[in-house]
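Hey, can you work out the whole structure from these sequences and the hints?
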Amino acid sequence: MENKIIYVRDTGLVSPDRTKDVHTLLLNGLRDRGMQASVQAVRVSDIGVYNQGVVIKVLPDVTYFNVKDEDIGRILDAIKQDKTISELASRREPKQLRVVLRNCGVIDPESIEEYIAHDGYQAIKKVLFEFKTPDKTIDEMKKSGLRGRGGAGFPTWMKWIFAKQVASDQKYVICNGDEGDPGAYMDRSVLEGDPHSVVEGMMIAGFSIGATKGYFYIRAEYPLAVERVQKAIDQCYEAGLLGNNVLGSGFNFDLEVRLGAGAFVCGEETALIASIEGRRGTPHPRPPYPSVKGLWDKPTVINNVETLANVPYIILKGGDEFAKVGTQTSKGTKVFALTGKVKNSGLVEVPMGTSIREIVFDIGGGILNNKNIKAVQSGGPSGGVIPKDYIDTPVDYENLQKLGSIMGSGGMIVMDEDDCMVDIACFYQRFCYDESCGKCSPCRIGTTQMLNTLCKITEGLGELSDLDNLRRIAQAMQRAALCGLGQTAPNPVISTLRYYEDEYKAHIIDKKCPSKKCRNLLTYKVISEKCKKCGLCLKNCEAKAITGNKDDGYIIDMNKCIRCGRCFEVCKFKAVSKE
Amino acid sequence: MQEEKLSADIENIVKKWEGKKGSLIMILHDIQNLYGYVPRSTSLQLSKYMDVPLARIYEVITFYHFFKLEPPGKHLVQVCMGTACYLKGASDLLLELRNILGVNEGCTSNDGLFHLEVVRCLGCCGLAPVVKIDEKVYSKVTKDRIADILAEYEEEAVAK
Numbered sequence: 001m002e003n004k005i006i007y008v009r010d011t012g013l014v015s016p017d018r019t020k021d022v023h024t025l026l027l028n029g030l031r032d033r034g035m036q037a038s039v040q041a042v043r044v045s046d047i048g049v050y051n052q053g054v055v056i057k058v059l060p061d062v063t064y065f066n067v068k069d070e071d072i073g074r075i076l077d078a079i080k081q082d083k084t085i086s087e088l089a090s091r092r093e094p095k096q097l098r099v100v101l102r103n104c105g106v107i108d109p110e111s112i113e114e115y116i117a118h119d120g121y122q123a124i125k126k127v128l129f130e131f132k133t134p135d136k137t138i139d140e141m142k143k144s145g146l147r148g149r150g151g152a153g154f155p156t157w158m159k160w161i162f163a164k165q166v167a168s169d170q171k172y173v174i175c176n177g178d179e180g181d182p183g184a185y186m187d188r189s190v191l192e193g194d195p196h197s198v199v200e201g202m203m204i205a206g207f208s209i210g211a212t213k214g215y216f217y218i219r220a221e222y223p224l225a226v227e228r229v230q231k232a233i234d235q236c237y238e239a240g241l242l243g244n245n246v247l248g249s250g251f252n253f254d255l256e257v258r259l260g261a262g263a264f265v266c267g268e269e270t271a272l273i274a275s276i277e278g279r280r281g282t283p284h285p286r287p288p289y290p291s292v293k294g295l296w297d298k299p300t301v302i303n304n305v306e307t308l309a310n311v312p313y314i315i316l317k318g319g320d321e322f323a324k325v326g327t328q329t330s331k332g333t334k335v336f337a338l339t340g341k342v343k344n345s346g347l348v349e350v351p352m353g354t355s356i357r358e359i360v361f362d363i364g365g366g367i368l369n370n371k372n373i374k375a376v377q378s379g380g381p382s383g384g385v386i387p388k389d390y391i392d393t394p395v396d397y398e399n400l401q402k403l404g405s406i407m408g409s410g411g412m413i414v415m416d417e418d419d420c421m422v423d424i425a426c427f428y429q430r431f432c433y434d435e436s437c438g439k440c441s442p443c444r445i446g447t448t449q450m451l452n453t454l455c456k457i458t459e460g461l462g463e464l465s466d467l468d469n470l471r472r473i474a475q476a477m478q479r480a481a482l483c484g485l486g487q488t489a490p491n492p493v494i495s496t497l498r499y500y501e502d503e504y505k506a507h508i509i510d511k512k513c514p515s516k517k518c519r520n521l522l523t524y525k526v527i528s529e530k531c532k533k534c535g536l537c538l539k540n541c542e543a544k545a546i547t548g549n550k551d552d553g554y555i556i557d558m559n560k561c562i563r564c565g566r567c568f569e570v571c572k573f574k575a576v577s578k579e
Numbered sequence: 001m002q003e004e005k006l007s008a009d010i011e012n013i014v015k016k017w018e019g020k021k022g023s024l025i026m027i028l029h030d031i032q033n034l035y036g037y038v039p040r041s042t043s044l045q046l047s048k049y050m051d052v053p054l055a056r057i058y059e060v061i062t063f064y065h066f067f068k069l070e071p072p073g074k075h076l077v078q079v080c081m082g083t084a085c086y087l088k089g090a091s092d093l094l095l096e097l098r099n100i101l102g103v104n105e106g107c108t109s110n111d112g113l114f115h116l117e118v119v120r121c122l123g124c125c126g127l128a129p130v131v132k133i134d135e136k137v138y139s140k141v142t143k144d145r146i147a148d149i150l151a152e153y154e155e156e157a158v159a160k
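Sequence lines, in order, name chains P and A. Counted from 1, the first sequence has number 463 at position 463 by this note's numbering; the numbering is strictly sequential. Counted from 1, the second sequence has number 38 at position 38 by this note's numbering; the numbering is strictly sequential.
Since the hints were derived computationally from the structure, they do not count as laboratory data. Incorrect hints may have been included.
Under the rule of at most 27 Å between Cα atoms (straight-line distance), these lysine-lysine pairs were calculated in the DSS-like manner [what the hints assert, rightly or not]:
{"no.": "1", "chain 1": "P", "residue 1": "LYS293", "chain 2": "A", "residue 2": "LYS21"}
{"no.": "2", "chain 1": "P", "residue 1": "LYS539", "chain 2": "A", "residue 2": "LYS136"}
{"no.": "3", "chain 1": "P", "residue 1": "LYS298", "chain 2": "A", "residue 2": "LYS15"}
{"no.": "4", "chain 1": "P", "residue 1": "LYS439", "chain 2": "A", "residue 2": "LYS21"}
{"no.": "5", "chain 1": "A", "residue 1": "LYS15", "chain 2": "P", "residue 2": "LYS439"}
{"no.": "6", "chain 1": "P", "residue 1": "LYS20", "chain 2": "P", "residue 2": "LYS4"}
{"no.": "7", "chain 1": "P", "residue 1": "LYS578", "chain 2": "P", "residue 2": "LYS371"}
{"no.": "8", "chain 1": "P", "residue 1": "LYS530", "chain 2": "P", "residue 2": "LYS572"}
{"no.": "9", "chain 1": "A", "residue 1": "LYS140", "chain 2": "P", "residue 2": "LYS539"}
{"no.": "10", "chain 1": "P", "residue 1": "LYS572", "chain 2": "P", "residue 2": "LYS560"}
{"no.": "11", "chain 1": "P", "residue 1": "LYS83", "chain 2": "P", "residue 2": "LYS95"}
{"no.": "12", "chain 1": "P", "residue 1": "LYS231", "chain 2": "A", "residue 2": "LYS15"}
{"no.": "13", "chain 1": "P", "residue 1": "LYS371", "chain 2": "P", "residue 2": "LYS511"}
{"no.": "14", "chain 1": "P", "residue 1": "LYS213", "chain 2": "A", "residue 2": "LYS136"}
{"no.": "15", "chain 1": "P", "residue 1": "LYS298", "chain 2": "A", "residue 2": "LYS68"}
{"no.": "16", "chain 1": "P", "residue 1": "LYS213", "chain 2": "P", "residue 2": "LYS371"}
{"no.": "17", "chain 1": "P", "residue 1": "LYS388", "chain 2": "P", "residue 2": "LYS95"}
{"no.": "18", "chain 1": "P", "residue 1": "LYS544", "chain 2": "A", "residue 2": "LYS143"}
{"no.": "19", "chain 1": "A", "residue 1": "LYS132", "chain 2": "P", "residue 2": "LYS539"}
{"no.": "20", "chain 1": "P", "residue 1": "LYS560", "chain 2": "P", "residue 2": "LYS578"}
{"no.": "21", "chain 1": "A", "residue 1": "LYS140", "chain 2": "P", "residue 2": "LYS231"}
{"no.": "22", "chain 1": "P", "residue 1": "LYS343", "chain 2": "P", "residue 2": "LYS388"}
{"no.": "23", "chain 1": "P", "residue 1": "LYS456", "chain 2": "P", "residue 2": "LYS533"}
{"no.": "24", "chain 1": "A", "residue 1": "LYS143", "chain 2": "P", "residue 2": "LYS539"}
{"no.": "25", "chain 1": "P", "residue 1": "LYS530", "chain 2": "P", "residue 2": "LYS574"}
{"no.": "26", "chain 1": "A", "residue 1": "LYS140", "chain 2": "P", "residue 2": "LYS572"}
{"no.": "27", "chain 1": "A", "residue 1": "LYS143", "chain 2": "P", "residue 2": "LYS560"}
{"no.": "28", "chain 1": "P", "residue 1": "LYS298", "chain 2": "A", "residue 2": "LYS140"}
{"no.": "29", "chain 1": "P", "residue 1": "LYS560", "chain 2": "A", "residue 2": "LYS140"}
{"no.": "30", "chain 1": "A", "residue 1": "LYS21", "chain 2": "P", "residue 2": "LYS231"}
{"no.": "31", "chain 1": "A", "residue 1": "LYS68", "chain 2": "A", "residue 2": "LYS20"}
{"no.": "32", "chain 1": "P", "residue 1": "LYS530", "chain 2": "P", "residue 2": "LYS560"}
{"no.": "33", "chain 1": "P", "residue 1": "LYS517", "chain 2": "A", "residue 2": "LYS132"}
{"no.": "34", "chain 1": "P", "residue 1": "LYS213", "chain 2": "A", "residue 2": "LYS140"}
{"no.": "35", "chain 1": "P", "residue 1": "LYS213", "chain 2": "A", "residue 2": "LYS21"}
{"no.": "36", "chain 1": "P", "residue 1": "LYS298", "chain 2": "A", "residue 2": "LYS21"}
{"no.": "37", "chain 1": "A", "residue 1": "LYS132", "chain 2": "P", "residue 2": "LYS544"}
{"no.": "38", "chain 1": "A", "residue 1": "LYS16", "chain 2": "P", "residue 2": "LYS231"}
What follows is the structure, given as structure tokens:
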């Protein structure tokens, strides 16, 4: 039996929390079996599973749910014999597949030795001493079919070959770690959990295109990621993996970390280059593409963190092996940050082609508070919503695009029936408005006008012609904006308009918000049949909008009401209606 | 003395990045790590050391959200201006805070202790009007309580 770690946590809603008791039972059980030296039982504050009673997780992949005290002995015996009790381990999370996150949480991210012990830096060795040529490396990438994980999904091998073909005295590789979408943290987790795999990916990319210098561009808001990547780079220099004559092969490669400074637009290639050059992060027109004329006018390849983390795996296991997973056009796995109204939020990594339903219900455990799912938003401020009727669609680049959304970097936000689509569109539009760099007018003026119109609609001042205006502005931005930010900024509006036009119309014509989210459109009313005349609503009304007394009952004056919802919340008899 | 120390600091930072292309943003990060913001005087000196126009430096500082031109206050004072608080007299509270601290919203008091800010709604209308200092929420605040509340933080600062 090898050394094991087991996690324990009482995830039930019934108090008292039994985590501590079960932990003690585990410790006693381990001692009785003489296993205390090889098995470590850890109490954790979050085990990633909820409402399943006592949960015991045997790392890496066996999870026991609803464990009773009398089961503990059996579980420990099973661990001793390296077996699994199948009737207790009801789910082994088979739908997830870890490629990008293969080392996250398994190895110490600050130890190069542990990374090497997990096949680390074997891929660069293979490239330098077995493949010996960039062509063979790029060939392997071509076989793998890996596409950029940053959003657009451009084939990685093509990017590399373009940069390789340009003759130049100096070329660069950049790792794009400027992850700024609200609700996304995939890149952060990889940089913090497995920085060496990204470093190795950079080295392979550098060798393939003939670059001798690489830059990590990481958000300053991710200090731990910056620290760990810097540490990984320092360790590589010490070990002779970076610098002149890497491992005696004659290949020279240097790496340096550059920090972002809080500008969403810097995730766009040309803006990112401007930022590394120490200038304002404003984009410029393409072509010329960075692979021809990039950083300091030299050919440059920019790859996303997740893309680079895939590279060592592909080289080691072979492109064909990698391509076995996924769909016709999208190979490999994708990491999603699953958030919103879902029971188990967190990072998930699934094969391309997994349906949204499987991600949300089988892995995510379904919707919070047993409500109904309404839609899933993917791609952040550049993406769109996918209504519940389409959640059986297998996730890949093409399918999401057909539905009017994008893969994006991998944020996936689950919405339930309480979420208002106009409000969501407004939220993302405000984000784009704040983050527009202001260089080109379609984006600068377009985001402002769209935001104003959406705000108007949520306040109940919208007109039907606003919808046509929104569509017109959106189209102008898609065609004329300078960079990806501006071209995709209208997406949340377009996709909500496409699937939920009736909701917009309810706001405009009926002056009602069907999801009861837009405050200005709400009406509060005391239902006299249910009212017990206790006066609690009157006491709690800060706006003095409620009048009446204990004999005649109470009335809410909507002219004075500020829609704070206090009366609705405090009424114990559900006698205040909200519509 | 102050001036000399300042230049020594900046010289060190600039030297660290000497010979590396496009290091302006990294230098600004180092300066902000040192002082908590980028003082105008440092920008002036930086402009001389690096032989870069001041406008180029300011253009970068103001583009990125991360860089600050004002020293951050030690405590963040947020006055809720949501509708409920507004009706309950939040604007009087704001006026009083402006008088006592001697600054407008969005600015830091001269002693560097407080940064005054107005927020839209803190989501506790039942406690209106609300003032939040760092993580602590003061509920049903009246104008005459403001001075006492601020005094708690001033005393704490003196005690240290």
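Structure-based check of all given hints:
{"no.": "1", "hint": "P/LYS293 <-> A/LYS21", "in the structure": "17 Å, holds"}
{"no.": "2", "hint": "P/LYS539 <-> A/LYS136", "in the structure": "25 Å, holds"}
{"no.": "3", "hint": "P/LYS298 <-> A/LYS15", "in the structure": "26 Å, holds"}
{"no.": "4", "hint": "P/LYS439 <-> A/LYS21", "in the structure": "24 Å, holds"}
{"no.": "5", "hint": "A/LYS15 <-> P/LYS439", "in the structure": "33 Å, violated"}
{"no.": "6", "hint": "P/LYS20 <-> P/LYS4", "in the structure": "20 Å, holds"}
{"no.": "7", "hint": "P/LYS578 <-> P/LYS371", "in the structure": "18 Å, holds"}
{"no.": "8", "hint": "P/LYS530 <-> P/LYS572", "in the structure": "10 Å, holds"}
{"no.": "9", "hint": "A/LYS140 <-> P/LYS539", "in the structure": "15 Å, holds"}
{"no.": "10", "hint": "P/LYS572 <-> P/LYS560", "in the structure": "23 Å, holds"}
{"no.": "11", "hint": "P/LYS83 <-> P/LYS95", "in the structure": "21 Å, holds"}
{"no.": "12", "hint": "P/LYS231 <-> A/LYS15", "in the structure": "22 Å, holds"}
{"no.": "13", "hint": "P/LYS371 <-> P/LYS511", "in the structure": "25 Å, holds"}
{"no.": "14", "hint": "P/LYS213 <-> A/LYS136", "in the structure": "48 Å, violated"}
{"no.": "15", "hint": "P/LYS298 <-> A/LYS68", "in the structure": "32 Å, violated"}
{"no.": "16", "hint": "P/LYS213 <-> P/LYS371", "in the structure": "52 Å, violated"}
{"no.": "17", "hint": "P/LYS388 <-> P/LYS95", "in the structure": "21 Å, holds"}
{"no.": "18", "hint": "P/LYS544 <-> A/LYS143", "in the structure": "21 Å, holds"}
{"no.": "19", "hint": "A/LYS132 <-> P/LYS539", "in the structure": "24 Å, holds"}
{"no.": "20", "hint": "P/LYS560 <-> P/LYS578", "in the structure": "16 Å, holds"}
{"no.": "21", "hint": "A/LYS140 <-> P/LYS231", "in the structure": "50 Å, violated"}
{"no.": "22", "hint": "P/LYS343 <-> P/LYS388", "in the structure": "17 Å, holds"}
{"no.": "23", "hint": "P/LYS456 <-> P/LYS533", "in the structure": "37 Å, violated"}
{"no.": "24", "hint": "A/LYS143 <-> P/LYS539", "in the structure": "23 Å, holds"}
{"no.": "25", "hint": "P/LYS530 <-> P/LYS574", "in the structure": "7 Å, holds"}
{"no.": "26", "hint": "A/LYS140 <-> P/LYS572", "in the structure": "24 Å, holds"}
{"no.": "27", "hint": "A/LYS143 <-> P/LYS560", "in the structure": "24 Å, holds"}
{"no.": "28", "hint": "P/LYS298 <-> A/LYS140", "in the structure": "61 Å, violated"}
{"no.": "29", "hint": "P/LYS560 <-> A/LYS140", "in the structure": "20 Å, holds"}
{"no.": "30", "hint": "A/LYS21 <-> P/LYS231", "in the structure": "22 Å, holds"}
{"no.": "31", "hint": "A/LYS68 <-> A/LYS20", "in the structure": "24 Å, holds"}
{"no.": "32", "hint": "P/LYS530 <-> P/LYS560", "in the structure": "23 Å, holds"}
{"no.": "33", "hint": "P/LYS517 <-> A/LYS132", "in the structure": "25 Å, holds"}
{"no.": "34", "hint": "P/LYS213 <-> A/LYS140", "in the structure": "59 Å, violated"}
{"no.": "35", "hint": "P/LYS213 <-> A/LYS21", "in the structure": "12 Å, holds"}
{"no.": "36", "hint": "P/LYS298 <-> A/LYS21", "in the structure": "13 Å, holds"}
{"no.": "37", "hint": "A/LYS132 <-> P/LYS544", "in the structure": "24 Å, holds"}
{"no.": "38", "hint": "A/LYS16 <-> P/LYS231", "in the structure": "18 Å, holds"}
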